[in-house]
Every structure is written in structure tokens, then in C-alpha cells.
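Participant: Modelling step: build the complete structure from the supplied sequences, incorporating the hints.
Protein chains in written order, with the numbering used here: chain A, 1 to 137; chain B, 1 to 137.
Simulated from the structure, these hints should not be mistaken for lab results.
These numbers come from a predicted model, not from an experiment.
Honestly, I wouldn't trust all of these hints.
The list cannot tell twin chains apart, which means a pair is met if one copy fits it or any two copies do.
Listed below are the simulated SDA-like cross-link pairs for lysine to any residue, each with C-alpha atoms no more than 20 angstroms apart in a straight line [stated by the list, open to error]:
#, residue 1, residue 2
1, K80, A6
2, K93, S5
3, K80, A119
4, K80, R35
5, K80, G114
6, K128, G63
7, K93, P70
8, K80, D117
9, K106, R51
10, K80, T26
11, K80, G63
12, K93, K106
13, K80, G62
14, K80, E115
15, K106, S5
16, K80, Q126
17, K93, R43
18, K80, N4
19, K128, D117
20, K80, V56
21, K46, Q135
22, K80, A90
23, K106, W19
24, K93, A65
25, K80, T131
26, K93, K128
27, K128, V112
Number of protein chains: 2
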Amino acid sequence: MAANSALAGAIQILSVLAWRGDQETTSDMLASSLRTNPVVVRRVLKSLERRGLVEVRAGRHGGVALVRSPAEITLEDIYKAVEPDGSLFALRKRGSPRCRVHLAMKTLLPPVFGEADAAVDRVLRQIKLSTLIEQIR
Amino acid sequence: MAANSALAGAIQILSVLAWRGDQETTSDMLASSLRTNPVVVRRVLKSLERRGLVEVRAGRHGGVALVRSPAEITLEDIYKAVEPDGSLFALRKRGSPRCRVHLAMKTLLPPVFGEADAAVDRVLRQIKLSTLIEQIR
Numbered sequence: 001m002a003a004n005s006a007l008a009g010a011i012q013i014l015s016v017l018a019w020r021g022d023q024e025t026t027s028d029m030l031a032s033s034l035r036t037n038p039v040v041v042r043r044v045l046k047s048l049e050r051r052g053l054v055e056v057r058a059g060r061h062g063g064v065a066l067v068r069s070p071a072e073i074t075l076e077d078i079y080k081a082v083e084p085d086g087s088l089f090a091l092r093k094r095g096s097p098r099c100r101v102h103l104a105m106k107t108l109l110p111p112v113f114g115e116a117d118a119a120v121d122r123v124l125r126q127i128k129l130s131t132l133i134e135q136i137r
Numbered sequence: 001m002a003a004n005s006a007l008a009g010a011i012q013i014l015s016v017l018a019w020r021g022d023q024e025t026t027s028d029m030l031a032s033s034l035r036t037n038p039v040v041v042r043r044v045l046k047s048l049e050r051r052g053l054v055e056v057r058a059g060r061h062g063g064v065a066l067v068r069s070p071a072e073i074t075l076e077d078i079y080k081a082v083e084p085d086g087s088l089f090a091l092r093k094r095g096s097p098r099c100r101v102h103l104a105m106k107t108l109l110p111p112v113f114g115e116a117d118a119a120v121d122r123v124l125r126q127i128k129l130s131t132l133i134e135q136i137r
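Facilitator: What follows is the structure, encoded as C-alpha cells:
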């Protein structure tokens with residue numbers, strides 16, 4: 001699978017917000033940090049907003065703000081926002097219903113794949129946004 | 001990221017080989033278990049062969065065989081075969097060189113992403129192909 005940079009993008013957006021603190025931040029500013037289109041940023045902001053991490057105010061005095069403090073946001077929160085399904089591995093959809101090995105995969109693999117997901121969640125849960133921000137000079 | 005079924009496919013191929021034991025197995029048989037094109041199976045077999053997990057003999061009496069016993073193959077071996085780069089998350093390639101947050105991401109995120117990869121590797125390393133096979137009835 002191609003390693004995915006969606007998590008890195010969302011972490012960067014939230015880090016810019018945390019870093020700027022109370023200063024007004026717009027999606028255009030975020031887009032310039034990411035060197036991407038504001039449309040892309042707004043799509044990510046939608047997912048972050050859905051997860052209760054940011055508040056996006058539209059209009060002339062619009063802007064983006066964190067809803068929680070950076071110490072209350074973990075990288076797992078951010079991961080779940082951008083990957084709500086969050087499964088690293090999937091079962092194959094096709095396979096012979098007459099093959100015993102194929103049939104067995106459907107019960108043998110989900111616990112393994114679930115453990116892999118849980119392991120990643122645990123790693124990301126240990127890291128707070130604030131911990132990253134403290135290391136930015 | 002779309003959860004990826006390449007690992008499930010490769011596990012199934014090796015499980016069929018392990019399950020059939022000394023019986024002759026061809027890529028056509030594997031394709032029928034997976035209900036996919038033999039060309040797809042042969043591509044996966046190439047990766048497994050490159051990783052020293054199977055031996056593919058071409059020609060009329062061609063066939064596929066495990067090189068090691070199922071007790072000596074872990075799911076991590078299979079994962080590394082199908083995902084030799086094996087990184088779940090990537091840094092963003094673009095970003096403003098003038099943004100301190102963007103610059104910081106390049107040093108702050110790799111250790112986190114590396115830990116996530118290592119956590120998945122550990123989970124997969126604990127499971128042997130033989131353990132899966134023993135559970136197939």
C-alpha cells in the first residue's frame with residue numbers, strides 16, 4: 001500500500017493552529033504552510049470539525065480554531081478524524097466459497113488485523129499535539 | 001487510506017500451500033482459491049519468492065512450493081514480502097520551507113510513524129503461518 005500522508009497533513013494543520021494560539025488563522029494560511037490548495041485544507045478541516053477538534057467559522061471574519069487545548073488532542077484523535085474507518089488491512093472480498101482455506105481466512109484474519117489497528121492506535125494515543133508543539137522552535 | 005487486502009491475499013496463498021503440504025500446487029489452483037486471475041497470483045508469488053518464502057518452478061511440471069516450514073514463516077515475513085517499503089504513514093512531500101511548523105514536521109513525525117510501523121510488525125511477527133493452518137478444519 002502506498003504510505004499515506006493524510007495523517008501528516010492533518011497533524012500539520014492542527015500544529016499550525018496550536019502554534020499560532022490565539023492569533024486568527026484562516027484556511028488560506030494553513031494552505032500556505034502545506035503548500036496546497038485551500039480547497040484541500042477545507043476538506044481536511046471538515047473531517048477535523050466532524051471529530052470535534054476544530055471550529056470553522058465561515059464568512060468575512062471566518063477562521064479556524066482549535067476546540068480543545070493541544071494537551072487534550074492526541075495523534076490518535078487526529079488519525080480517527082482523517083481515517084474514520086481506520087483499518088490498515090482488509091479481507092479479500094473475493095474467494096472461492098468451496099475453498100476451506102478461503103473460508104477460514106474470514107474468521108482467522110479479522111482478530112489479527114484488529115490487533116494491528118489497536119497497536120497503531122496505542123502508539124498514536126500516547127502522543128499529544130502539545131508534545132509536538134513544545135518541540136517546535 | 002483504503003484498507004489494503006494485499007496482505008490477506010498473500011496469507012491466503014501461503015495458507016493454501018501449507019494446507020496442501022506435499023501435494024503439487026499450481027498458480028491456477030491458487031487463483032481458484034482466491035477467485036482471481038492467475039496473473040495476479042503469479043505477481044504475488046514473485047514477491048513471495050523474492051523474500052525467500054516460496055519456490056516457483058516454471059514449465060510443464062511447474063508448481064509452487066513453500067521454501068520454509070509454516071512454523072518458520074510469520075505474518076511479518078509475509079507483510080514484508082508484499083509491502084517491502086512497509087510504511088503506514090508518510091510525510092507530506094510539499095510544504096512551505098518558510099513555515100517553522102512544516103519544517104519541524106520533518107523531524108518530529110518520522111519517529112512517531114516509525115513506532116507505528118514497528119508496532120504493526122510486532123503484532124504480525126507473533127503469528128506463525130502454522131498457527132493459522134492448525135485452525136483450519
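Participant: With reference to the structure, classify each hint as holding or not holding.
Facilitator: Cross-check of the supplied hints:
no.: 1; hint: K80 / A6; verdict: within (11 angstroms within a copy, 23 angstroms between copies)
no.: 2; hint: K93 / S5; verdict: between (26 angstroms within a copy, 8 angstroms between copies)
no.: 3; hint: K80 / A119; verdict: both (14 angstroms within a copy, 18 angstroms between copies)
no.: 4; hint: K80 / R35; verdict: neither (24 angstroms within a copy, 33 angstroms between copies)
no.: 5; hint: K80 / G114; verdict: both (15 angstroms within a copy, 18 angstroms between copies)
no.: 6; hint: K128 / G63; verdict: neither (23 angstroms within a copy, 52 angstroms between copies)
no.: 7; hint: K93 / P70; verdict: neither (40 angstroms within a copy, 25 angstroms between copies)
no.: 8; hint: K80 / D117; verdict: both (11 angstroms within a copy, 17 angstroms between copies)
no.: 9; hint: K106 / R51; verdict: neither (31 angstroms within a copy, 25 angstroms between copies)
no.: 10; hint: K80 / T26; verdict: neither (23 angstroms within a copy, 42 angstroms between copies)
no.: 11; hint: K80 / G63; verdict: neither (23 angstroms within a copy, 44 angstroms between copies)
no.: 12; hint: K93 / K106; verdict: within (10 angstroms within a copy, 37 angstroms between copies)
no.: 13; hint: K80 / G62; verdict: neither (25 angstroms within a copy, 47 angstroms between copies)
no.: 14; hint: K80 / E115; verdict: both (16 angstroms within a copy, 17 angstroms between copies)
no.: 15; hint: K106 / S5; verdict: between (29 angstroms within a copy, 12 angstroms between copies)
no.: 16; hint: K80 / Q126; verdict: within (14 angstroms within a copy, 26 angstroms between copies)
no.: 17; hint: K93 / R43; verdict: between (29 angstroms within a copy, 19 angstroms between copies)
no.: 18; hint: K80 / N4; verdict: both (14 angstroms within a copy, 17 angstroms between copies)
no.: 19; hint: K128 / D117; verdict: both (19 angstroms within a copy, 18 angstroms between copies)
no.: 20; hint: K80 / V56; verdict: within (19 angstroms within a copy, 41 angstroms between copies)
no.: 21; hint: K46 / Q135; verdict: neither (27 angstroms within a copy, 44 angstroms between copies)
no.: 22; hint: K80 / A90; verdict: both (17 angstroms within a copy, 16 angstroms between copies)
no.: 23; hint: K106 / W19; verdict: between (45 angstroms within a copy, 16 angstroms between copies)
no.: 24; hint: K93 / A65; verdict: neither (41 angstroms within a copy, 25 angstroms between copies)
no.: 25; hint: K80 / T131; verdict: within (19 angstroms within a copy, 31 angstroms between copies)
no.: 26; hint: K93 / K128; verdict: neither (36 angstroms within a copy, 23 angstroms between copies)
no.: 27; hint: K128 / V112; verdict: between (27 angstroms within a copy, 11 angstroms between copies)
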